[in-house]
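Residue numbers (this note's numbering), protein chains in the order written: chain A, 1 to 535; chain B, 1 to 550.
Don't read these hints as lab results, they were simulated from the structure. No experiment lies behind these values; they were computed from the predicted model shown. Just to be clear, a hint being listed does not mean it is correct.
Calculated from the model, a selection of chain B residues having no Cβ within reach of chain A, i.e. all distances over 10 Å [claimed, not checked]:
1) Ile190
2) Asn226
3) Gly362
4) Pro541
Calculated Cβ distances over 12 Å to all of chain A for the following chain B residues [claimed, not checked]:
5) Gly176
6) Arg187
7) Ser309
8) Ala418
9) Leu458
10) Ser466
11) Lys522
12) Asp540
Derived pair list, reagent style SDA-like, types lysine to any residue, alpha-carbon separation capped at 20 Å [what the hints assert, rightly or not]:
13) A/Lys298 - B/Asp194
14) A/Lys54 - B/Leu177
15) A/Lys298 - B/Thr225
Glycine included, every Cβ here is placed at the ideal spot set by N, Cα and C.
Now for the letters of each chain:
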Amino acid sequence: MSIRVLNPNAEVLNKSAALHMNINAAKGLQDVLKSNLGPKGTIKMLVGGAGDIKLTKDGNTLLKEMQIQNPTAIMIARTAVAQDDISGDGTTSTVIFIGELMKQSERYIDEGMHPRVLVDGFEIAKRATLQFLEKFKTPVVMGDQPDREILKMVARTTLRTKLYEALADQLTDIVTNAVLCIRKPEEAIDLFMVEIMHMRHKFDVDTRLVEGLVLDHGSRHPDMKRRAENCYILTCNVSLEYEKSEINAGFFYSNAAQREAMVAAERRSVDERVKKIIDLKNKVCVGGDKNFVVINQKGIDPPSLDLLARAGIVALRRAKRRNMERLVLACGGEAVNSVDDLTPNCLGWAGLVYEHVLGEEKYTFVENVKNPHSCTILIKGPNDHTIAQIKDAIRDGLRAVKNTVEDESVVLGAGAFEVAARQHLINEVKKTVKGRAQLGVEAFADALLVVPKTLAENSGLDTQDVIIALTGEHDKGNIVGLNQHSGDPIDPQMEGIFDNYSVKRQIINSGPVIASQLLLVDEVIRAGRNMRKPN
Amino acid sequence: MREIVTLQVGTYANFIGSHFWNFQGILTYTPRLVSVDFQGSLGSMSSRGTLYRNIPSGPSDVVTCPQISDSSLDLKDCVVKNVKTGNVSIHASEPRKKNLFLQSLDEDEPERVHNEPQSKVPDKDIVESLENDVQFWTDYSKVHYHPQSLYELNGQCMDSQEFNNYGIGRDAFSRGLQGEEINERLRFFIEECDHIQGIQFMVDNTGGFSGVAAEFLESIADEFTNVPVLLYAVQAPESYTNARGQKQTISLKLHDAVSFSRLSSLSKLIVPVGLPSLSRSDASRFLCIKDEKLYHSSAVYASAIHSISLPFRMKRLGPTGESCYGSGAMDVYEVIQMLAGQARQNRVTILDVAMPAPSLSGKQAAKFLLRNLQPLTPETAEDMEDLQAVESMSIHGVLGHGGHQASFSEVKDSLEAASEHAMTRPMFSHLSVTTCPLPIPLPFPSIFGNLVGEHGELLSSPNRGSLSRGSLDVESIPMAARLRSSSAILPFLENRLANLRKYGLERGALGSGLVRSWGFEKDELDDMGEVLSKMIVTLDPRSQASSDSD
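For reference, chain B alone in the conformation it holds in the complex:
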């Protein structure tokens, strides 16, 4: 088992990350994480984390730290234990005195470990307050963070209004010693790893954070050359509607193109995540999401990322492979190698999810499951036939025949049977299965529709009562998620290339001054265009003609 270090850069990335860590169900471990956000974005959490607040500040020679041993960051052991037993503890039953989730968490902290749960205030109130009041990602985080984990970018006029383009972000990274400090934090966590398998990197694609991330990635490539980076470029729903006026639309479109091109050339595998309207997409068929709430949409993306990352954290078994709990372990390197390193070398993949995944009992069940896997990546083509597609699927907690959790062979057989009849099938597909479903912890938002049962099963008739169901009604759900390297991503790439050309590259383009103000010369822009068109050609050799026009 090998360590993963996670990096979260940007507000939305941290929203997703916060949900992600909540799933891991850990109390006395701190994640191997470096999070970067605005100054003041931590809400009521201290940037020194929560664990070290009560250290006596007197002049004692020995400072004692509560329950932290040297191996404290060995998070995966804990998670995998949960995965294996299929019995993830849900900490939803813990005392939350006030309905402000975090405050109650803070207050109860010293006694919580020892005392019996004493629910004075019903969980219902807490859920309600979370639904209405979440403002910062820390508002619903129940995880302890290491003092080195949370980094706040500082500087003048740092809010999302102003911090809205690539150039500003890049400057912020190099201003003062901020970049160096961030790198230093990462080094701190990597130094602890005996054998790091990769870096999981979530970044806000919009706003200046992509500039920060690009600089960060560059220094990672420099310093940790052989550590593979799996990059999720996430986009909040609000970022799609923010543009008003022509000038800003151009700025946003150019930013998207520039940022995608830079980020993709700096990572081994990039996964664009974030739909303009999750609530109206097919991916939320059984969900009930309010797009304006980051707290809602980020939960879906976090669930998908959690599922995708399960194979990284499973114990690798002997050559015989299978155990009764799960199989299909892969490390970050292997996933990247499989999706991006094979013949086609396409670095952009699509993230699909079925949340909750339907059960596999019944004849058409597997087909139904495959059909339910819907993209969380924007601007993808539907029903694109691609004979060279490669995919990695992670399914966990899905029910098989007779209502028990489906084993690896069961899932594999039924999926194979289904794809035999399918019109399009990938060239290569990796499957990883565990029996443990996705736990729904208390701070999880109420986003399930009324067709979702207590264990995530899909009901034939709607539940009575409220329209949306949350952590109190749903204990866990089966999940299926997939990374797909396919030419279905072409529209995404083509749009970015077109925007780059239209607003930045063409003679007299409206945004050429803008890009120059971000610090890019003409030939750098040309290079970016080159990067994008190369990606397109990789997937669609026929498009060669159009990209060689200049």
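Only chain A is shown next, with the shape it has when bound in the complex:
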């Protein structure tokens, strides 16, 4: 082999061995993830070195936590994780689709077919499927008042694949409302404006949407109010602590008195900043029923806290940078970078600000705000793994709703699209293709069926029966999906099972690309690998 001449240390796998390594890796990864697909999919339990438990069905989480060694599997996993980064869901589907493409190809390759021909067929089938998807999708008009029901249905479809039904249904409202809350006309949805906060407290069903903000810290002064109503909110990024002037300033003192004087002068300038805030408070809070809350991104040291507390102000320091943005969106007003531009117009408003103490952790709730454009999903759960599971699910739910709003369309779920696309490929597209590339189209079409097949398998149904029933209905012209309880065909539209258009498109796009690349590999060379390991 020529590579041996070039580098005698290289490890080489050639031709069929290389191909089979790739196929086996893809099938292996598919095997791992396929049991997690769909609402009936099972859960995986990940146990860390210290006995930490993580329960998940989320393909993305699984791929991140599993330490994958096989290079092919890593490639597939990266594609799937990229899928998640782009569209927020569909990790598991991507992996099993790639696995299935490889599996279908194996049959033909074992019969002596050249991978190149298959790959050509994939390319044709992929283009045809994408065109079909454009026709197949259900457009949704968003406009000023989006159809809440359809958003809820999409969110529910996603959430039910991650969590048990009762909890999923509860979260459906939460994620839908959260996205609608932060949505602004003519602007892209920034999901960061939904804060996700968790408390190890009560039950998972106590998870709720807070219209306003929850901060994970409290005031640091014993005399500050723990609960305040009718609050002006000052969002600022102003240092209220005594700090040395910038390093390299090159200012030196020659005796203790000078040093004291310098310290005093700097302290004074901090105090003046605090006084300006207190002045503003006194200006706006006339009468007894109004309160004033300062939420600062920079530090506030004890002397400043003292001054503020004496003036009846509640002050929080070192707020998250993102919360500065969120606060302004939730409460109104604007974030202030210098006390010189303080005016009553900078102030936001919240009906209620209170502190919740949980063990040694403190949370501050800013609630009852007017017209919020930012909100917090407060996850509760009795233990860490429940919280982690809900967090992953909420993240996907939010993405699903966001995608729907941005796509302005949805795709019928429960395997309906896959069956329809397969029938389209076999009945229409295949005939138009000349020569052996037809077989590539056929392999692609059969690979699409992996989604309904796996859904059926995970529900304990007979795969063959289900596929025959579904394709039969489709040939009659009915668009149907799989009822996971009975195994009968159902109309996904009636059941409210919808998937994201962009997720589906992304899967159809990226799956064949990676599968084709893997199929065309004829040699695997691990140069340098064994040189690095000292054995």
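Mind docking chain B on chain A? Use the hints.
Just chain B now, kept in the frame of chain A:
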């Protein structure tokens, strides 16, 4: 007294950090720490820390936490108390049932606070098992960590084989929301501080962690502009021998140069730490170290860093200064200002240590001590004459005349006397002295040679028995450590600049493709070269000619 937040990024940094926290001798306090390491690097420790494992997971309204009050992170109070009394408690006597140190620690946890020590298994076995079996830095950590402290980087193919260059590290920081999460952890600890004095940052200079750290530093500079960062760029001995083949040698050398240049431009003071072979260096004259064990070498570096950080944690006294326990308190800002902020503005300093420090009784004693201060910073020049050198020395637990612990004035006088006769003396030197020696806790490795006595005194004739002595034979040792801003660092800087030029900057350089794959454009590389040559010129104005060649 003002708070310090510590950041440890990388496996070796965490090895050092683990020893560092063990010295602090605290049970019910959790350090203000954010540690970043590979997924799975925590061994048997939970990333949620150890304290919160037994919280009832039921639906109770009030979750109780064992012995943690709101001020729980106020670690320094505790340490300083120890420093002042000179009576640091050593927790080596606690029950370790099995010879696997950590397991015994875990099992005994609920009873340990209340019960009498019940040594069923001799400490000797524990020490032995530590010597042989330490694999993770958590294996010998006796400190409780806050649930927010330990962060594991996750992602595909994350091990030291793959995670070996700056580019990968930088990507890891920005992948997903990992960077944001790490920043969030830091904010959590800083929010608690009434008045933070600085950030102590240890980072693995090798591998992708320096990329992680650089990104992290950038966001710190952004978010906490006025908080000074003291950066220890640490290097494990193994990283020097790992390179095989030309391609990897180039990759390593380039990485070193790139990472040093990036890190130094992002911190106020950088201290490169880590010799290629500690066991053969002069710094380990009285020690007996196996270079292949991270557990060994990290203990030495941790001791030095501990000594250096003592002045940050001492109580500042009135203008009169001195007390009988210790004096010379300085905060992080002042140390940085003194070493890096003065006329020359050299940001790279050398770390020297004398471990154990010899006693100051006898005529030539101080001279002997100064001679024993040997660098832990690689690639430094010996006997470099530098009239503008500035140094900060921390000496603690050193014995004076008559075998008692030497006071501030005693140490100061004898050092001054010694340096009067010395050939080279620094322009400015700050001294801080405490009477409290370095405690040697049980999980400390057996790295002392047989010339070291029970209290760290240097014996004239070797001890009988085993060659190396550890926590069972040695209770505490006097230490001297020094940060030195001197032109002796020039070879270190010059090597990096030369490598950067040779492999990255020159036309047709072998590594130019490599650096591009790390995400650096040509002009960014030029900037790095500029940073390095500026540092050199700062220290050695004569070298100007060579750096302006292009």
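Open item on the list: Run through the hints listed earlier and report the numbers of any the structure violates, in increasing order.
Closed with: 1, 2, 5 and 6
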